[in-house]
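*Asks:* Working from the sequences, and respecting the hints, build out all of it.
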Amino acid sequence: MTDAVMIPRATDHAVRWTGTLLVAAVLAFALLGPLAVPGDPFAQSLLKALAGPEAGAPLGYDHLGRSIFHRLAHALRLSPAIALAAVLTAGLAGLILGTLAAARGGWTDRVLVTLADALLALPGLLLVLIVLGIVPGTALGFWAGLSLVLWVEFFRLTRAATRDTLASPAVQASRLLGFGPAYVFRTHIWPEIALMMLTTAAFGTATAIMAIAALGFVHVGMRAPTPELGLMMVELLPYWREAPLALLSPVIATFALLLGLTLSAGSRTP
Amino acid sequence: MKTLVTRGIQALMVAVLIGAATFAMMRSLPGDAAYRIAAGRYGYDNVDSAAADAVRDELGLGGPALPAFLTWLGDLLRLDFGTSLVTGQPVIAEIGHQLGASLALAAVAVLLSLLIGPPLGIIAGLRPGGALDRVLLVVSTGLKAVPQFLMALILILVLSVQFRLLPAAGHGEARHFILPALALALGLAAVNARIARDAMARIGAMPFYSFARWKGLSPRQTLLRHGLRNVSVPLLTYLGLQFVTLVEGVVVVEAVFGWPGIGHALVHAIFSRDVPMVQGTALFLGLSFVLINAVIDLVTARIDPRRAA
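Note that the protein sequences, when read in sequence, are chains P and U. For the first sequence, full-length UniProt numbering assigns the number 1 to the initial residue and increments by one for each residue that follows. For the second sequence, full-length UniProt numbering assigns the number 1 to the initial residue and increments by one for each residue that follows.
Just so you know, not all the hints are guaranteed correct.
What the hints assert, rightly or not - From the structure, some residues in chain U lie toward chain P, with a derived Cβ separation under 7 angstroms:
hint, residue
1, 13
2, 20
3, 21
4, 23
5, 48
6, 139
7, 143
8, 147
9, 255
10, 267
11, 268
12, 272
To be clear, the hints were calculated from the coordinates, so they are not data collected in a lab. Computed from a predicted model, the values in this text were never measured in an experiment. We treat Cβ as the ideally placed atom computed from N, Cα and C, and that holds for glycine.
*Replies:* Below you can see the structure in the form of structure tokens.
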């Protein structure tokens, strides 16, 4: 919000790096964990229900005797994959539409802004829920719904920054020299918004992962056998006393992932 | 005046968007929508093909999508939401029934967050870089990374399962408010505090603020006369935008705590594909956002007349 009394630059840098490392650590666990300890996230063995950690299942077993380690790794691939796909789609759409609105102005601008404002008035989770009701397939629905929610932020930022840049003397000079829109975008607009887009993408990914987990937790997101962060938590909640580690694993993983994303976005308030 | 027109257009667009989304949802329901609606209207035992055909003709469900969509939107704009497919009650009555519980919860949560967040933020903002400022930054960053449902889960585990201090679910008594409201308030307060802190730090560094101290006002008088009013503007604006977060939180937290409110109803409606109910609730929430922000526009213009110009 303010540049006058912000945290020093060096600290900000360190914070971003800590966040990035945290995210990298969680993703490394998700991608490499199952390679180090092979196992099946769906295989049940009721004899081992809620049993503690052992060599084949370093985080113990859940209430149906499935390895928490492998379910967690699977869940930590699923949510970030959907979130990333949604953020990429939303970012691209926001970038294109935002630049278009700023460059064309007039009715294009007015219609797009009105649409974005209307979407802004609706709670994101609600939109995702409605899209989940329309689109067949939960993962696809999440991707479509989250993209629909997230593009607005990218659009607003791109439009605001692009408008300022387009009015600058540098761009006017470029145009007078006969450079086309592609050149102007590449040399003037993109460097101006790149960092901002990255920050927004980090926040957007966190929002998306939160949404998937929250809907899983209240039983309206991913369906039962799929390992998903929120779903794992609600499944393991009743066994909190018998197997605290089983419940804590997804909780800690989710927190680490979200904290990492928030930190990597930098210390600016959203 | 101009902002009110903009808000009016926003409200209209919200209605059209919700209409389009729920219409698509209705069309994509498995099975014949006419039978479903007929069942909703006349009861499951009284549905036959004649009743379904009557509904189909009336709503234009059999025909091309466009006229049907226009009829659908027309109903929506006349605020005719129809009846719930599940209970058979008019949607308006259902929403009115559930609204009270949600409003009470949301109000308590916002109040709680305002009691926790801004005072801490203002004290921290008076000394940027001080001990409290640093601690607050760490705590609020940590809290922001905890989704509301996780906060609810942690509060339930710690306060009601482990220490048996408070009930984990239930509704009606004052103590039932504490956990769900706290789960919502902590997340809101984390952001409130940062907004208040940034605003206070910015205003505290301005020349007019230093001048107020220099002309002999005590720190307390300076804060009360010159600080608070300026801090309240970004805080209020942000509170309006936070309404969306609050609603999302209410939906999730109500589902977790079994709170009989609008969010709980929404989750159930989605679960059973009760489209009129989803439509009514979504429209109600969207329009509330527009209304609240229109009010906040007016209030901030009053507090800070520079904005009205």
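*Asks:* With reference to the structure, classify each hint as holding or not holding.
*Replies:* Do the hints match the structure? See the list:
1. 13: 4 angstroms, holds
2. 20: 10 angstroms, violated
3. 21: 5 angstroms, holds
4. 23: Constraint on residue 23 of chain U not satisfied, violated at 10 angstroms.
5. 48: 27 angstroms, violated
6. 139: At about 12 angstroms, which exceeds the 7 angstroms cut-off, the nearest Cβ of chain P leaves the hint on residue 139 of chain U violated.
7. 143: Status violated, d = 10 angstroms.
8. 147: Since chain P brings a Cβ to about 4 angstroms from residue 147 of chain U, closer than 7 angstroms, the hint holds.
9. 255: Residue 255 of chain U check passes; min Cβ-Cβ to chain P is 4 angstroms, inside 7 angstroms.
10. 267: Result: holds, 6 angstroms to nearest chain P Cβ.
11. 268: 9 angstroms, violated
12. 272: Residue 272 of chain U check fails; min Cβ-Cβ to chain P is 11 angstroms, beyond 7 angstroms.
Checked against the numbered hints given earlier, the structure breaks hints 2, 4, 5, 6, 7, 11 and 12 and satisfies all the rest.
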